[in-house]
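Protein chains in written order, with the working numbering: chain A, 1 to 413; chain B, 1 to 72.
Each hint should be verified, as a subset may be incorrect.
[What the hints assert, rightly or not] Across the chosen pairs, the derived CB separations fall in these ranges:
(1) A/L96 / B/Y68: 48 to 56 Å
(2) A/Q395 / B/Y68: 29 to 37 Å
(3) B/E9 / A/F109: 47 to 55 Å
(4) A/S226 / B/W50: 32 to 40 Å
(5) B/D56 / A/P166: 41 to 49 Å
(6) B/W50 / A/E311: 24 to 32 Å
(7) A/D105 / B/E3: 48 to 56 Å
(8) A/Q395 / B/K59: 44 to 52 Å
(9) A/R25 / B/W50: 50 to 58 Å
Please keep in mind that the hints were generated in silico from the structure rather than gathered at the bench.
From the three backbone atoms N, C-alpha and C, an ideal C-beta is built for every residue, glycine too.
Take a look at the letters that make up each chain.
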Amino acid sequence: MPLRLIRYALSSKHHEPRMFTTHDRMKSSYDVVIIGAGGHGLAAAYYLARDHGITNVAVLERGYIGGGNTGRNTTIIRSNYLTPEGVKFYDASVNLWKDLSAEFDLNLFYSTRGHYTLAHTDSAVRTMRWRAEVNKHYGVDSELVGPDHVKKACPQIDLSCAGHAPILGALYHAPGAIARHDAVAWGYGKGADMRGVEIHQQTEVQGLDIQGGKIVGVNTSRGYISTGKVLSAVAGFTPRVTAMAGFRTPIFVHPLQAMVSEPIKPWLDPILVSGSLHIYISQTARGELVMGASLDPYELHSTRSTLDFTESLSAHMLEMFPFLSHVKVVRQWSGMADMTPDFAPIMGKTPVEGLYLDAGWGTWGFKATPISGKTMAHTVAKDEPHPLITGFSLQRFADFALTGEKGAASVGH
Amino acid sequence: MSEFVYHGEVRNEPDSETCSDSEWTDYVFNRSGIPAVKKEWWCHTPSNIWFIAERDTAKDHVLRTYLYGEGS
Numbered sequence: 001m002p003l004r005l006i007r008y009a010l011s012s013k014h015h016e017p018r019m020f021t022t023h024d025r026m027k028s029s030y031d032v033v034i035i036g037a038g039g040h041g042l043a044a045a046y047y048l049a050r051d052h053g054i055t056n057v058a059v060l061e062r063g064y065i066g067g068g069n070t071g072r073n074t075t076i077i078r079s080n081y082l083t084p085e086g087v088k089f090y091d092a093s094v095n096l097w098k099d100l101s102a103e104f105d106l107n108l109f110y111s112t113r114g115h116y117t118l119a120h121t122d123s124a125v126r127t128m129r130w131r132a133e134v135n136k137h138y139g140v141d142s143e144l145v146g147p148d149h150v151k152k153a154c155p156q157i158d159l160s161c162a163g164h165a166p167i168l169g170a171l172y173h174a175p176g177a178i179a180r181h182d183a184v185a186w187g188y189g190k191g192a193d194m195r196g197v198e199i200h201q202q203t204e205v206q207g208l209d210i211q212g213g214k215i216v217g218v219n220t221s222r223g224y225i226s227t228g229k230v231l232s233a234v235a236g237f238t239p240r241v242t243a244m245a246g247f248r249t250p251i252f253v254h255p256l257q258a259m260v261s262e263p264i265k266p267w268l269d270p271i272l273v274s275g276s277l278h279i280y281i282s283q284t285a286r287g288e289l290v291m292g293a294s295l296d297p298y299e300l301h302s303t304r305s306t307l308d309f310t311e312s313l314s315a316h317m318l319e320m321f322p323f324l325s326h327v328k329v330v331r332q333w334s335g336m337a338d339m340t341p342d343f344a345p346i347m348g349k350t351p352v353e354g355l356y357l358d359a360g361w362g363t364w365g366f367k368a369t370p371i372s373g374k375t376m377a378h379t380v381a382k383d384e385p386h387p388l389i390t391g392f393s394l395q396r397f398a399d400f401a402l403t404g405e406k407g408a409a410s411v412g413h
Numbered sequence: 001m002s003e004f005v006y007h008g009e010v011r012n013e014p015d016s017e018t019c020s021d022s023e024w025t026d027y028v029f030n031r032s033g034i035p036a037v038k039k040e041w042w043c044h045t046p047s048n049i050w051f052i053a054e055r056d057t058a059k060d061h062v063l064r065t066y067l068y069g070e071g072s
């Protein structure tokens, strides 16, 4: 290497800036403590600092940044939901997504592909039509299309699905996209860090200090912190946090598994989802097929993988794409999905004053990362729920006012 | 595994005539979401036998199984 290049490598004037500041110790008190340094927690920290000027914030993470469900999803971004609350919320999220790479100065590989939800039965076609009409009413690009539309976008597909689940139509959502999931957490984390937020990894919250129904501090594996506001953004660990806080929620945890193939030549542009065959699939920029199916069928607090999953997903994949028979699966993994009875999240205030929940993200959390951060930052800063999330309050269950989103869950559960 | 179907934790239904609204909503919606040894309803589908399993939901270990009314 020429000497003049080594000069730059050794010079402290031209050092490569670190993505995050490492803090040796925690302060004894913060204005806001966020539990969980995944995409949601870091996005909330980012918007608290950027939009509300609240920078005395600690984000506590028991593992590492983006190591939970942020790094375990199948990276699909869309807004073609079923309820007005859901459509408005996820559409606001898609609009934020589009600008994030420029905002962070970090390439998120945000790639608009078009998203097909395949219908194999008459009742599925009816649901698609219903969703398309709700979507269009709220200005979301969404339409019911025939099998020819699918075949044109993806000539390799067997429209009959091996003869026993013929595709009758699809809900087509042109803005459907994928993105590099780790980079989202890094981008939000870097932006929050630059504005003074402290991110403490390897720091586990072990208890909440609640006095007179009000949060006053948290106990961590590295000592006590006093704070008046705590935001929990911990996905599958939410029941453990609410148990510390002493109240119950409808959240139950099932594993959700996914897998990727070896990299192959680009052939699949759109994102395809089939509820009947329990498949979702997209191809990444580096050529891997990212594939998911439905939730594991029973409660489990673990990220183990199973052969059952790989076998059944591969079998369904081959019904749709017989030519993939020689392609190898190279990796599989699992995340802990915090499910709710109505397939909508639980966001906002809780029975404990100063404790806020960003939870119930089940199998639909990744796409909501920007808007959940933005609305939760608002909720924490103003101590009142952002107008976009009033339909997602914990209180809706006690009021029997559920936000039924099951029809729009990407795969039948 | 595919022969067995999970039907959720065993829960005691409060008397809907006498319980309060909050007790009823707690029964209908709320769940014990934390990992623990739980009593669960399972069904062996080929024989259609319903039974209770005590299972550690963190480790996925089944500790005991018995028919309804036979366990403690």
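Results for each hint:
no.	hint	verdict
1	A/L96 / B/Y68: 48 to 56 Å	holds (51 Å)
2	A/Q395 / B/Y68: 29 to 37 Å	holds (35 Å)
3	B/E9 / A/F109: 47 to 55 Å	violated (41 Å)
4	A/S226 / B/W50: 32 to 40 Å	violated (50 Å)
5	B/D56 / A/P166: 41 to 49 Å	holds (43 Å)
6	B/W50 / A/E311: 24 to 32 Å	holds (27 Å)
7	A/D105 / B/E3: 48 to 56 Å	holds (54 Å)
8	A/Q395 / B/K59: 44 to 52 Å	violated (34 Å)
9	A/R25 / B/W50: 50 to 58 Å	holds (55 Å)
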